[in-house]
Amino acid sequence: MRRVVVTGMGMVTPVGRDLESTWGALLEGRSGVGRISLFDAETFPTKIAAEARDFDLAAYVDDADRWADHCRNTQFAIAAARMAVDHSGIEQYAGLDRARFGVYLGSGEGQQDFPRFVDLVNRTSVGRGVGAQVDTAAFTRGGLETLHPIREAEQEPGTPAGHLASIFGARGPNANCLTACAASSQAIGEAVELIRRGDADVMLSGGTHSMIHPFGVTGFNLLTALSTRNDEPARASRPFDRERDGFILGEGSGMLILEELEHAKARGATIHGEVVGYGSTADAFRITDSHDEGRGAIACMREALAEAGLNPEDVDYINAHGTSTSVNDSVETLAIKKTFGETAYRVPISSTKSMMGHLIAAAGSVEAIVCLLTIRDGVMPPTINLENPDPECDLDYIPHAARRKAVDVALTNSFGFGGQNIALILRRYAG
Amino acid sequence: MLRSERRVVITGLGIVSPIGVGPDAYWSALSGGRGGVDTIRAFPVDGLPTDVGGEVRGFDPKAHALPRLLKSLRKSLKYMARDIQLAVAAAMMAVTDAGLAEPGRVDPTRFGVDLGAGLISSELNELAPAITLSSTESGAFDYRTWGREGIPGIEPIWLLKYLPNMLACHISILIDCQGPSNTITQAEAASNLAIAEATRIIARGRADIMIAGGADSKIHPLSLVRMSLLEQMSRWRGEPSQACKPFDVRRDGWVPGEGAGILILEEREHAIKRGAPIYGEILGFGSGCDARPGGGIDPEGVGMEIALKAALKDAGLTPAEIGHVNAHGAASPVSDLAEARAIRRVFGDARVPVTALKGYMGNLVSGCGSVELIGSLLGVNRGAVPAVLNCEQPDPGCDLDLVLGATRPVDNPTFIKSNLTRHGQAAALVVRGNPAAN
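Sequence order for the protein chains is B and F. Numbering-wise, numbering that gives the first Met the number 0 puts 391 at position 392 of the first sequence, and it's gapless, one number per residue. Numbering-wise, numbering that gives the first Met the number 0 puts 77 at position 78 of the second sequence, and it's gapless, one number per residue.
What the hints contain is simulated information worked out from the structure, not anything from laboratory work. Don't be surprised by glycine CBs; every beta carbon is placed ideally from N, CA and C. Misleading hints may appear alongside valid ones.
As the list claims (entries may be wrong) - Just so you have them, the derived chain B footprint on chain F, three or more residues with Cβ under 8 Å:
(1) 22 to 35
(2) 116 to 125
(3) 142 to 148
(4) 230 to 244
Take these sequences, add in the hints, and give me the full structure.
Below, the structure written as structure tokens:
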């Protein structure tokens, strides 16, 4: 079978502008959570988030002006992809067949153009407050005059994959999947399968997302999914802690260059690890909650292990989905115990969402990169804020501080709203 | 397909379209040359380049429910945007068609879902109370009021109604599909990519049955505005059913539509063992992209060419072995020409018959690939390729062997379905029908 390795990585996160600064912050246990600055959230139930605060596309590319009207989604993706491509050196490879160089992202939808949209709805509504209704003819007439074409185009979730293909001349398979919080892990898994099958040699894969906007926070607040620990932002994301009260929205992008092993060797690329296992299942349970006994989560971890030909005791580190919601963290713990048996108590686990928040569609790709860096440096990032472990969460979550350990095999989980479960296994490349 | 892979056949069809619900009604309209594009009646529109679209009128999602699921469906409907309802109805129809209506016929962990879906716009009236409450008459929006009084006035489940993955999620919950679940959001290429991915999943042994295809509804005031800002829309003022004219010299742009097309894909031995109907087989697939740095597609159609060649290669077929091409044919001046050039370069001297079905129903975007594929599949199984509707003056620049006027008899049941997005993302499937299924 064709093997797939990672030859490039790039990321923009709430705790760092690139790979190494993000990694440094995670190892220091630094939180990226603060008061929301992107809009006035002072009266929202949740007023805090993990923003990529100093992000400026001009620091990454020369033609940032061209993307000025585009969404944060696209801007994060361009920055992270530029770093991943540079890291891989693939553009310098004269033998690259561009029809076999593709893009498979798990990008979220671009944010709605909130100011223009609410203004349009307000101007075209009949009545005010309860019972107000939009006059659709006035709305369509007004929308053509006031909505911004690029801002509207950017909301389509397949858009970043098109932009990246144009920038890097990737003319091969091009796709985007959107399975909520599982999206970019699933994109990596399916991109790996495309390469294994022989449909492509190189894939740019990962995700990008920002839901730190009024509708995003509104939607998650309505579902009571977000933490409201507004007075202690840095302590708000506390996976596996008894006092956890919801997740913290993060934003950013993680991008990887996935490459067929012989292709990577032929061009003398540096290999950062191998993707050896991919599990994908559905809970088929409820749209709002994960299965209460972790049925789908267990099945996806088992499948990833089976595909990798590994046993539970071969896994050195787990990067948990660990959202800091009441249900996720206890069900994920249960699922790890069911999958790993006695080994569950010996394998170190951490949730980097305790520091970066939840990057939703982009979360999985960033966390897969964290696993690769763990393998590279032999150090595992901590779960911060785990002060009073939930009695139901009694595994080793690497509380408070990073820990040194040689890691050859790492597993990362991503579970999406609606019940999609993805597990990826990354392994040190040893020939 | 690779020789080492398991073969994947089509054992169920479900369709909800502007020209008919169910395969028989759909084929009757296609073969009879009856279009479904008309003045939009769902709500008043004004100022748009066109006020016509392909609507699914009188749609009742409960009409196709499996009897044992009717109660759960009724409870869930309030959480389902129209796109989701269209998909769920088509999926239930396909599951019934495949003989899988009774539970326990398949192992749920080997049963998955892979769909194409698009950005779903919120119902405006779900937001109008909160937005007007938070705005002054003069138009200033007050975030503080929104936070205090606006948010509590919105349905708690609001966000989940509009997530594109919810088409697949509701289907997986109702029908108990615990295998892989994915949602591809690549506009017009989405459902072809989803069918290709579902095929790969079965081929490599990860599942035995997949519900695959796509659904979309662009019949929404915001979606129509968005399309009008981004696309060249038809400005046709004549008979509404003639608005969308693929490959015609008079073609002047898109017409929006809505609908769902769902296939049950199944590992061949699994299907044979349980005596399922076999409508056809997925022989290969390919994908390419020619997005240009300045935006828009390559007028030469290089991405489509890559996709078509890859699909043929994967199927192990030469162009001469293809019976017809079911093209994207959006009726856009640029993309029809780009597509025609790609087809000509790939097929060369093998003049292949070409059809395109958007003239009947407009552009179903994320659903167009699977809905159009079903049109060709029904056709080859009945011995005829449906004609391009509204193409009365074929564009000589396109120079294709278009199926015009009436259906054309065929004896080769193998065809290619291809679709193309505004970013030049192209996806093609090679399918062989099974005329014995009729």
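Here is what the structure says about each hint:
no. : hint       : verdict
1   : 22 to 35   : violated (count 0)
2   : 116 to 125 : holds (count 5)
3   : 142 to 148 : holds (count 6)
4   : 230 to 244 : violated (count 0)
Of the numbered hints listed earlier, those contradicted by the structure are 1 and 4.
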